[in-house]
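Student: Top line first, the protein sequences correspond to chains A and B.
The opening residue of the first sequence carries number 70 in our numbering; numbering runs sequentially from there.
The opening residue of the second sequence carries number 11 in our numbering; numbering runs sequentially from there.
It is worth saying that the hints were derived from the structure and are not from the lab.
Heads up, some of the hints might be wrong.
[As the list claims (entries may be wrong)] Label pairs and their in silico Cβ distance ranges:
id : chain 1 : residue 1 : chain 2 : residue 2 : range
1  : A       : V250      : B       : G165      : 33 to 41 Å
2  : A       : G445      : B       : T166      : 32 to 40 Å
3  : B       : R86       : A       : K387      : 40 to 48 Å
[To be verified] Within a straight-line C-alpha distance of at most 20 Å, the following computed SDA-like cross-link-like pairs (lysine to any residue) qualify:
id : chain 1 : residue 1 : chain 2 : residue 2
4  : B       : K46       : A       : N229
5  : B       : K321      : A       : K421
6  : A       : K421      : A       : A411
[Stated by the list, open to error] The following residues of chain B were derived to be distant from chain A, with all beta-carbon distances above 12 Å:
id : residue
7  : G69
8  : K99
9  : G106
10 : G115
11 : R117
12 : K149
13 : R180
14 : G194
15 : Y205
16 : V278
17 : K292
18 : Q308
Positions of the beta carbon are idealized from the N, C-alpha and C atoms, including for glycine.
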Amino acid sequence: MALLSPTRAAPARTPLGRVAPLASRLTTRTGSTPGRLTVLMLAASALAIAAGLAAVIGVTQRSSEVDSIINRSGPLTLSAQELYRSLSDADAVAANAFLSNGQEPAALRERYESDIAAASAALSDATAGDPSQRAVREIAAQLPVYTGLVETARTYNRQNLPIGAAYLREASALMRNDLLVAAKRLYDAETARFDSDAGDASGFPWLAASLAVLTLVGLGYAQVYLTRRTNRLFNLGLLGATAMGLAALIWLGASWLGVRGELSSAERDGSSQVQLLAQARIDALQARADEALTLVARGNGGSFDTDYNTMLDNLVGKDGNGGLLHRASGAATDPAVRAAVAAATDAAKSWKSTHQRVHSADTNGDYNGAVLLTIGNDPASAASTFNNLDKNLATGIAATSAQLNRHARSASGALTAAPVGLGALTLLLLVGLVAGFQQRLAEYR
Amino acid sequence: MRTKLLAVAATATLLALVAGCTSATSPTSNASPAFKAPVPAGVQDPATIPSAAADSDSGCDPLASLRPPAAMPPPRQMPAGSSMETILKNGHLTVGVDQNTYLFGYRDAVSGQVVGFDIDIAKLIAKAIFGDDSSKVVKLVAITSAQRIPFVQNGTVDIVADSMTINCERLRQVAFSTDYFDAGQKILVRKGSGYTTIDDLAGKKVCAAAGTTSIVTIATRPSHPVPVAVNDWTDCLVMLQQGQVQAVSTDDNILAGLAAQDPTIEVVGPRFTAEPHGLAIKKTSTDFVRFVNGVLDQARADGTWTRLYDKWLGGPAPTPPAAKYSD
Numbered sequence: 070m071a072l073l074s075p076t077r078a079a080p081a082r083t084p085l086g087r088v089a090p091l092a093s094r095l096t097t098r099t100g101s102t103p104g105r106l107t108v109l110m111l112a113a114s115a116l117a118i119a120a121g122l123a124a125v126i127g128v129t130q131r132s133s134e135v136d137s138i139i140n141r142s143g144p145l146t147l148s149a150q151e152l153y154r155s156l157s158d159a160d161a162v163a164a165n166a167f168l169s170n171g172q173e174p175a176a177l178r179e180r181y182e183s184d185i186a187a188a189s190a191a192l193s194d195a196t197a198g199d200p201s202q203r204a205v206r207e208i209a210a211q212l213p214v215y216t217g218l219v220e221t222a223r224t225y226n227r228q229n230l231p232i233g234a235a236y237l238r239e240a241s242a243l244m245r246n247d248l249l250v251a252a253k254r255l256y257d258a259e260t261a262r263f264d265s266d267a268g269d270a271s272g273f274p275w276l277a278a279s280l281a282v283l284t285l286v287g288l289g290y291a292q293v294y295l296t297r298r299t300n301r302l303f304n305l306g307l308l309g310a311t312a313m314g315l316a317a318l319i320w321l322g323a324s325w326l327g328v329r330g331e332l333s334s335a336e337r338d339g340s341s342q343v344q345l346l347a348q349a350r351i352d353a354l355q356a357r358a359d360e361a362l363t364l365v366a367r368g369n370g371g372s373f374d375t376d377y378n379t380m381l382d383n384l385v386g387k388d389g390n391g392g393l394l395h396r397a398s399g400a401a402t403d404p405a406v407r408a409a410v411a412a413a414t415d416a417a418k419s420w421k422s423t424h425q426r427v428h429s430a431d432t433n434g435d436y437n438g439a440v441l442l443t444i445g446n447d448p449a450s451a452a453s454t455f456n457n458l459d460k461n462l463a464t465g466i467a468a469t470s471a472q473l474n475r476h477a478r479s480a481s482g483a484l485t486a487a488p489v490g491l492g493a494l495t496l497l498l499l500v501g502l503v504a505g506f507q508q509r510l511a512e513y514r
Numbered sequence: 011m012r013t014k015l016l017a018v019a020a021t022a023t024l025l026a027l028v029a030g031c032t033s034a035t036s037p038t039s040n041a042s043p044a045f046k047a048p049v050p051a052g053v054q055d056p057a058t059i060p061s062a063a064a065d066s067d068s069g070c071d072p073l074a075s076l077r078p079p080a081a082m083p084p085p086r087q088m089p090a091g092s093s094m095e096t097i098l099k100n101g102h103l104t105v106g107v108d109q110n111t112y113l114f115g116y117r118d119a120v121s122g123q124v125v126g127f128d129i130d131i132a133k134l135i136a137k138a139i140f141g142d143d144s145s146k147v148v149k150l151v152a153i154t155s156a157q158r159i160p161f162v163q164n165g166t167v168d169i170v171a172d173s174m175t176i177n178c179e180r181l182r183q184v185a186f187s188t189d190y191f192d193a194g195q196k197i198l199v200r201k202g203s204g205y206t207t208i209d210d211l212a213g214k215k216v217c218a219a220a221g222t223t224s225i226v227t228i229a230t231r232p233s234h235p236v237p238v239a240v241n242d243w244t245d246c247l248v249m250l251q252q253g254q255v256q257a258v259s260t261d262d263n264i265l266a267g268l269a270a271q272d273p274t275i276e277v278v279g280p281r282f283t284a285e286p287h288g289l290a291i292k293k294t295s296t297d298f299v300r301f302v303n304g305v306l307d308q309a310r311a312d313g314t315w316t317r318l319y320d321k322w323l324g325g326p327a328p329t330p331p332a333a334k335y336s337d
């Protein structure tokens, strides 16, 4: 904004100081050529100042919108996504840890704890970034309740008491019915804000562009007028001013095109794919929790199994060739991402077939066989295929997020010099304009 | 003087306004979202009660089952064409069990196996058919209370061993063995709560599993407790521990299993219903009902029943419930 004051002050100091005696002459010699010239010069200057102001304010605003994508809505979307993911992961890990007879494996315990730590950190980021979100407060209120229930479940399970499973089911119900619902609401809100910020930043600078065109038209008219009056073909000052105006208009258009291009690349190569893959990852986590809870729920697992199938349908479609992963594959622009999505699709399919075996072992009363298939280390186990799926989705998300960041930074780069440049061009234009008119006016003195 | 008074009054009014404003604005910005206590998945509070069909079938004697055959076939030699032969050929007896009823049918967290009194009774049947009661021939399928009747009817399980009360309404849908365990409905409350019978719980929340006789009994007590239905008995215990219900009410054997998991709660009061437990079998498999009754008779006579009672519930064991036959 500091740039604006010289722009505004410049015409006030230089031309108007000389204009004052001209104006007094105007009153007596109205309708005379010097009078008309003076009016024309003042009008063209005002138009140029307005166009310059609109351009500089416009690009400054756009630059701050792009920066807010990089520094605010981008990170907020990311922390909302991380919150949603870590909560889903905690639900899945807590249920899986419960399946191990007796003591839970240290690795699962650590993963659960790092999920809760990640969720808390993401939650505090979300709170700092947007404290008005109701969802944030709901999660902050219920997360300690959830962890309390999980610890109670653990304690009872270690004492070999069946009520432990009941506490875990209650914890999971709280997670699914309240925490994850709120986390999804937050994620959707941040995603929508991100999209709208990106949309705002790519808007065409109508005001500045039309004022700039008007200024150029005015300069053209002034030159034609002067040529007719004075029989001199060129006015160097006005020609220079016109060149400056054209340059400013081109710069304005180019910076708009640059930002729009980078942001639409950010959307195509980044955010739209990130959204698909993040949703796929969360659905996979929920299915993983469903799978374990089917066994933990002990007889009440029917609804979890139905939910598992719904989640897998979301992921790969009923026939294995649809769903989010199919869409992600179609949207992929980077071969590495496409490969990760293809690997994830294969993993999801083999997980689905392993799950069929888990399900039939469970319904045939082979509980320990079902558990082994679910959490065992065998490469064909549900645990291995799920981890493979999760790992590939994480790879895809990381790659597309990097693309998103790269393009957003390029968009910001396209605007770095624009406010100074446009301000300087406006000043030069005014100098040329005034000089051009003064040259002619001097001839009448 | 007057102006001074006015000034004082105005200042006071202003202060009150400011105070009113601050107290009105600051809590809204910091208000915590209304706390919602977590509840078990699938809870119905209050419960919708399946039409409590009155047990008024004229001439129905729920305890009278089918008489065992004169001579029981030896293991692995089941009569041709019998239901037992089908089970033998299948290679396993599929038993519908509960995994959450401590001491009767529950998952041992260390071994991963479902164990308990009901499970051992079911294993007696397997032993009589296969001469073996290992997990190779006994398939224990965990089911909910509400799944017991449909799963027997559609053949998902051969038999249900899950603290299931024999009554005339259920006898219209499935067949039952003779009574193998006598229970009665009581209440489970926090120690020191002052409640001693179900009639002390007028208007209070009382928990039971959905699809059980217990939830119907709670709903139809003249004292009008509020029935709360859950999927599993342990969910009732969670709600009692969390203070979301004032009592749990069902068969005393189930309550004893719940009470054993928490020293601050106790089973109180007299039995206010009689709940004879039977093994549920498909209504058309009359030969299997007779065979099962033969196995139970043997267990009563040779001390097996007493041994199992002592093993799971601690002695001294009462006399086993007497078998009663219609023909």
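Student: Determine for every hint whether it applies to the structure shown.
Tutor: Checked hints:
1. A:V250 with B:G165: 33 to 41 Å: holds (39 Å)
2. A:G445 with B:T166: 32 to 40 Å: Check failed, 27 Å falls outside 32 to 40 Å.
3. B:R86 with A:K387: 40 to 48 Å: At 45 Å between Cβs, range holds.
4. B:K46 with A:N229: With a Cα-Cα distance of about 29 Å, the restraint between B:K46 and A:N229 is violated, given a limit of 20 Å.
5. B:K321 with A:K421: Violated. B:K321 to A:K421 sits at ~42 Å, over the 20 Å cutoff.
6. A:K421 with A:A411: OK: A:K421 and A:A411 at ~15 Å, within 20 Å.
7. G69: The assertion about B:G69 holds, with a minimum of 35 Å to chain A.
8. K99: holds (16 Å)
9. G106: Since the minimum Cβ distance to chain A is about 9 Å, B:G106 lies within 12 Å and the statement is violated.
10. G115: violated (10 Å)
11. R117: With a cut-off of 12 Å, B:R117 comes too close to chain A, as the shortest Cβ separation is near 6 Å.
12. K149: Its Cβ does come within 12 Å of chain A, the nearest being 3 Å, so this is violated.
13. R180: holds (19 Å)
14. G194: Non-interface label stands for B:G194: nearest chain A Cβ at 22 Å, farther than 12 Å.
15. Y205: Per Cβ check, B:Y205 is outside 12 Å of chain A; nearest 21 Å; holds.
16. V278: Given that every Cβ of chain A is farther than 12 Å from that of B:V278, nearest at about 20 Å, it holds.
17. K292: At roughly 18 Å from the nearest Cβ of chain A, B:K292 sits farther out than 12 Å, so the non-interface label holds.
18. Q308: holds (25 Å)
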